[in-house]
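Following the hints, complete the assembly by docking chains B, C and D onto the known chain A.
Given next are the chains, with one letter for each unit.
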Amino acid sequence: MPIDFEVPEDVKNQGNLTQMVAEQVMRKSSRYYDEHEHERPMEYINFIWPFMKTMEAANLKHSLKRADKGNGNGNGHKKASTAQVGMIHLIESLSWGDAGIYLSTPSSALAGAAIQAVGTPDQKERFLDRFTHGEPKWGAMAMTEPNAGSDTSAIRTRAKLDPETNEWVLNGEKIFVTNGKLALEESDGLIVVWATLDPSLGRAGMRPFVVEAGAPGVTVTKQEHKLGIRASDTVSIVFEDARIPYDNILGSPELKKPGAKTEKGFKGAMRTFDSSRPFVAASALGVGRAALEFTRQKLAEEGITVPEAAPYHKLSAIQRDLIQMEADLKAAWLLTVRAGALMDAGKPNSLEASMCKVKAGKSVTTITQKCVELLGPLGYSREFLVEKWMRDAKINDIFEGTGQINTLIVARRILGYSRRELK
Amino acid sequence: MPIDFEVPEDVKNQGNLTQMVAEQVMRKSSRYYDEHEHERPMEYINFIWPFMKTMEAANLKHSLKRADKGNGNGNGHKKASTAQVGMIHLIESLSWGDAGIYLSTPSSALAGAAIQAVGTPDQKERFLDRFTHGEPKWGAMAMTEPNAGSDTSAIRTRAKLDPETNEWVLNGEKIFVTNGKLALEESDGLIVVWATLDPSLGRAGMRPFVVEAGAPGVTVTKQEHKLGIRASDTVSIVFEDARIPYDNILGSPELKKPGAKTEKGFKGAMRTFDSSRPFVAASALGVGRAALEFTRQKLAEEGITVPEAAPYHKLSAIQRDLIQMEADLKAAWLLTVRAGALMDAGKPNSLEASMCKVKAGKSVTTITQKCVELLGPLGYSREFLVEKWMRDAKINDIFEGTGQINTLIVARRILGYSRRELK
Amino acid sequence: MYTFDLTDEQRMLTDMVHRYSERTLRKIYREAEESHELPPEVIEQGWELGLLPASLPEDYGGFGEYSALNGALIAEELGYGDMAASLALLAPNLVATPIYLCGTEEQKQTYLPLFTDAEPPKAASAFLEPVILFDPYQLRATARREGDAYVLNGKKAMVINAPEAELFLIYAHDEKADSPQAFLVPTPAEGLSIGEREKWMGFNALKTFGVELKDVRVPAVNRLGGAAGIDVQRILNSSRIALSALGVGLARAAYEYARDYAKERVAFGEPIAHRQSIAFMLAEMAIDIDATRLMVWEAAWKLDKGQNATHDAYLAARYATHVSLKVTDGAVQVLGGHGYIREHPVELWLRNARSLATLLGAVTV
Amino acid sequence: MYTFDLTDEQRMLTDMVHRYSERTLRKIYREAEESHELPPEVIEQGWELGLLPASLPEDYGGFGEYSALNGALIAEELGYGDMAASLALLAPNLVATPIYLCGTEEQKQTYLPLFTDAEPPKAASAFLEPVILFDPYQLRATARREGDAYVLNGKKAMVINAPEAELFLIYAHDEKADSPQAFLVPTPAEGLSIGEREKWMGFNALKTFGVELKDVRVPAVNRLGGAAGIDVQRILNSSRIALSALGVGLARAAYEYARDYAKERVAFGEPIAHRQSIAFMLAEMAIDIDATRLMVWEAAWKLDKGQNATHDAYLAARYATHVSLKVTDGAVQVLGGHGYIREHPVELWLRNARSLATLLGAVTV
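From first to last, the protein sequence lines stand for chains A, B, C and D. So in this note's numbering, spot 267 of the first sequence is number 889, and the numbers just go up one at a time. So in this note's numbering, spot 396 of the second sequence is number 1018, and the numbers just go up one at a time. So in this note's numbering, spot 63 of the third sequence is number 364, and the numbers just go up one at a time. So in this note's numbering, spot 329 of the fourth sequence is number 630, and the numbers just go up one at a time.
Only chain A is shown next, with the shape it has when bound in the complex (with noise of 0.2 angstroms):
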């Protein structure tokens, strides 16, 4: 097919909806949750929940039936599809409306990710049902540890078998969780854990393991104070001999020495993070849209309009401002597509994932920070949105990896290093 920048029908029509939402449920109440951490958005949930659960039931029937197919990950694309850039659209829109507001959707996410990616039809069915009918519900990924950031090979939880029970007994403490507290205990949902069978193997000992809402010895220790998206649930997690059954592993419970090959199982858990990065790309410009619009419109008050071309001269220092920004914002949504565009044509994009993630990352940052700067005291005051969405946006350049961590990526990627080449 020959280059296309045309928004496939189907996202467009989608559009609308999500524009709906975003103004009338999120933006409504985008500042009472930045002031009442912690609060739930249940208009939100419950407006989406409807969709979320039609859309969970329709990947789940979809994956199924590939599994049917032979195709056992699940992971591979037959045609072209737009579930890539459709979910781009839509996260940028609903981001767009309340970042903080849009993590809180319920549904299987990150968890539903790495399950789809590397579980047996019967661990699929069994753990994603749920979300496909009743009350809303989460899931989760537990990663992060307070002694391991990007750093994943330093993941000290551990995972040991009880031969007696044949039970997985999980011990460690997960920090930095989303969604976590409502996956586990305001809703029956689930997690995702990253554990190690063996530490001395680093990250060949690893494995992911799903944790239910109500096992023992699981506990939502802390709720955490953030600069922003404040509606969103990030929490911390203590496993104390908390015990899974044997079946809730994803993957292989056989274990490789470091260096062999890694198994499919959990490279394809891994690549649920690759994955997630234009998402992550796409919040972020969802919210430094947010901010540009607001800010044009403000300075438009005042007489300020952006010029469709001028020579540099005949511009002012505000106007150029304007328009370095959307420059900036369109480079980044630019990338963020095609990286989309790439996995949705099956095609691999972990390279022009971690781009988009680190230029959307970095540019949503300086765009917000000059948007609250460009309006004075109106940008510095809670009374507008603008304050917020440069504390929503700071996000996007720290979670999912840091714009160091993304930009490492990308670094060994076009110099086919590896980890130890390039540290």
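Mixed in with the good hints, there may be bad ones.
One-sided and incomplete, this derived list gives chain A residues near chain B with beta-carbon spacing under 8 angstroms [what the hints assert, rightly or not]:
| id | residue |
| --- | --- |
| 1 | 625 |
| 2 | 934 |
| 3 | 935 |
| 4 | 937 |
| 5 | 938 |
| 6 | 939 |
| 7 | 941 |
| 8 | 942 |
When the alpha-carbon atoms are kept at most 27 angstroms apart in a straight line, the in silico DSS-like pairs for lysine-lysine are as follows [stated by the list, open to error]:
| id | chain 1 | residue 1 | chain 2 | residue 2 |
| --- | --- | --- | --- | --- |
| 9 | A | 1045 | A | 746 |
| 10 | C | 477 | B | 936 |
| 11 | D | 328 | D | 508 |
| 12 | A | 1045 | C | 627 |
Just so you know, the hints here were simulated from the structure itself, not pulled from any lab data. Note that CB positions come from ideal geometry on N, CA and C, so glycine has one too.
Chains B, C and D in isolation, oriented as in the chain A frame:
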């Protein structure tokens, strides 16, 4: 003494003369020597030489006197002087005139500094006296090799003692030697060559040697064609069984293990690089000021001037750029003056010297590139000097350690890290 | 000739303020931010340092002299501690310094001794306005001469502790003089009303308010500088230098915090400061902070020498705004996820840094 | 729906141009730059690729169709090779494309077939002016209607191969239309004089000249577009996209060169690409280049779809200018001292990149 930004009296007085040279002698032939690479700016050389030889004589006398007083390494500053800040002002002014011509100034230069730093009184007399009389002469430092840029430990030029003749025999190749041809072939000058007595010892095996014009086995093999500073002589030098007297070694010939406390001679000579960094910064800043002044003047002719202080929304994009350039130039200048003042006060300034080099190199690169752009076709044209200043400026972010290397030095200092901890 | 050393007295001064910042402000900043309230004893302790009396001559009840440079040294150390507390503590200066710089002799004699008491005076400056395109040289609030009085109208923003103020210094566009002028307005003042407490992104412990002026009548003698009025640039220069220095202190705090964190925090088997991407960020922070401080010092030094420091103060303010934002943002970045939560101070410093351009009166973006 | 793949034909096209760039332009660029002369056979070879005829429909002697997107693909590959040669090769397009986009049917029939011959036509566009504040929407050169002719006055700059030109396309401010218009001026033309060869910082192999117009009379029918005239924005959009793509190619060349160098060059016992400071520069280059290419493509795609691409082309041009400078400067930096000497190409690429803002008609700084 309290905080004081007053230019010292003697430095002020010197300023008028320098300004005259820069305007009358350098600027007028600036374009000529840019277009006639490898020709020598003799008007300038002959004009400046009487001043330089007087200065060299004073330095030598001063140094020998201090040596008499038992302050053997000639490196102690007993009381605050204005020597460094004076040089900084001088170099800034001359580089405002023409950075390439300034680099052709006849003097002992870095070679002299190294000899002053670690030479014996006899060596100082023997090597430096020539710079105090007669025809113009040049000293030069030969450090870089084809496969050793910033990594001086990779230097492979060998020095071996021939016990029969009690001479050092040098073999190897040096590149990017500033004024190397002037020193060795076009005057009765000398160069200081860094060579290793034992490559297995890395830095600890290295020593500086004085090679005088006419030494056998020394050949200037190549004159570089450069992006900018084309009036400056940059050559490769090959040593093929080059023989120099035993007494031409600077510092002790005895070697210590790597890791053992580096001996004073080596450190002292290396310190000449620290002290030269503010000079490189000053040279950059002179070029930057030239470009900014010219750009402001040309834009003023078009009716664009910079307000003394105005709110942002009253600025045009070009005014904003001019203000930013001015601020960057000032910031770099103050860092540079500080580094010089510290050395004048006899205080360590290695951190501050690298800081000003980083800031000046980067700022002036950006400023001159921006000036070319702001002036449109006139900026890009070789009818004016702005394009040349952009080319000249770039060297300052490269030589005496690239911006990256100097940032690394700053980082190590502020973190208290060794080369091993922060590579 | 060039010197960049503090005098012994200056060092004692900065040491004293630094101790206060470190031992007091750094202990209470988070609780104060989250509760939106500064402990009164903290401001009292700060007042006991005598910083304002030390900047006024004996003639007016003080025991020192006005020095923009000393002011900058103090502001940097305070900024290193906490911005909300710094601004609360410096609020009286925003009234006293303009009186000292621009007041008539009589105004100085009358008002300045109030600022040398054991109790902090209840005085508030009203300068900023709640508009997007704020212009300190063309205020929207107006002062119209009517007989022997001026009539003030307009809206002001970010007035610190306005409800308690017994004396306002209110800036307005003097229609006749066609320039910004300042008016000493004791309370209660008819037509002056104080709005709700304002809500800002940062320094939430600081209590600021909007102030509305509806035909507020002020005796003509209360115009600062009397018949001559004021040159607002003198006041702007002084406040720009102080606020820029505050920004330097803030940036320094963030830089040091990030540096220490980076040396402690281990990832991939080594402290993250071993990585060039982190180490270079820190190096650039250090360079930028030093450069900004030197620019602030130079402007202050010029001001103290009686030279024209307007452009220097303007450039310094520009730099301080930019650098404090860049450094605090970088500090959040160095701490990663930990930088984003309200346990570490860096997220607050980022929010506070972003206010500088606004506080500085749109001097720079 | 979103697709970012070239068609098979586009891939063949870019492969062909890439081969020409790599095997021909990259071999001669340095000698050409230093001798200020392009080998004629190199331009002939380039002409033989048939790029211009391929962008014209059969009606006018071509064998393809105009496509801004294909133009961008071609320009990127040429820019990857050498800028001087690219501009020399594309010079006829600067006349043919405006005629195709804005000419009357008669003008197209008359002139376009000239551009499909085996010999490159001797035609030159005169658009830029030797002024600091160039404004493509308000040209200083003027066209005054006198009877059935226009009288042109003014100065033009950067006219490629002017002395050989048999046909000029000259842009001037049409006083009656109060807009920039273009005029087809065959030589010899009385009052048109060609200055000395111009000297630029970069692309010295390209021969450009100033052109002065003193009461040059042009028949009214030679106004491009006839009575309707032209919308200069259409031409600007097209040239901005092409020049931006050239900038992308230039940046890509520098990035790849620096990347390969960094992997080869050993310092401190390892390739310098092992250091984050170098590796991160390269990563940012790669990101910026991809982003710019996508912006150029989007603008071109919109143009080809008949949508309004003015703002997109403007933003793409801004990005291309900035990115090509940043990347080439970074490449010099990666090579260090070796980047500064005229043995490696990066110093020339830096010089060439700096011309983009000017060539683009002050679209952006």
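Tell me the hint numbers this structure goes against, listed in increasing order.
1 and 9
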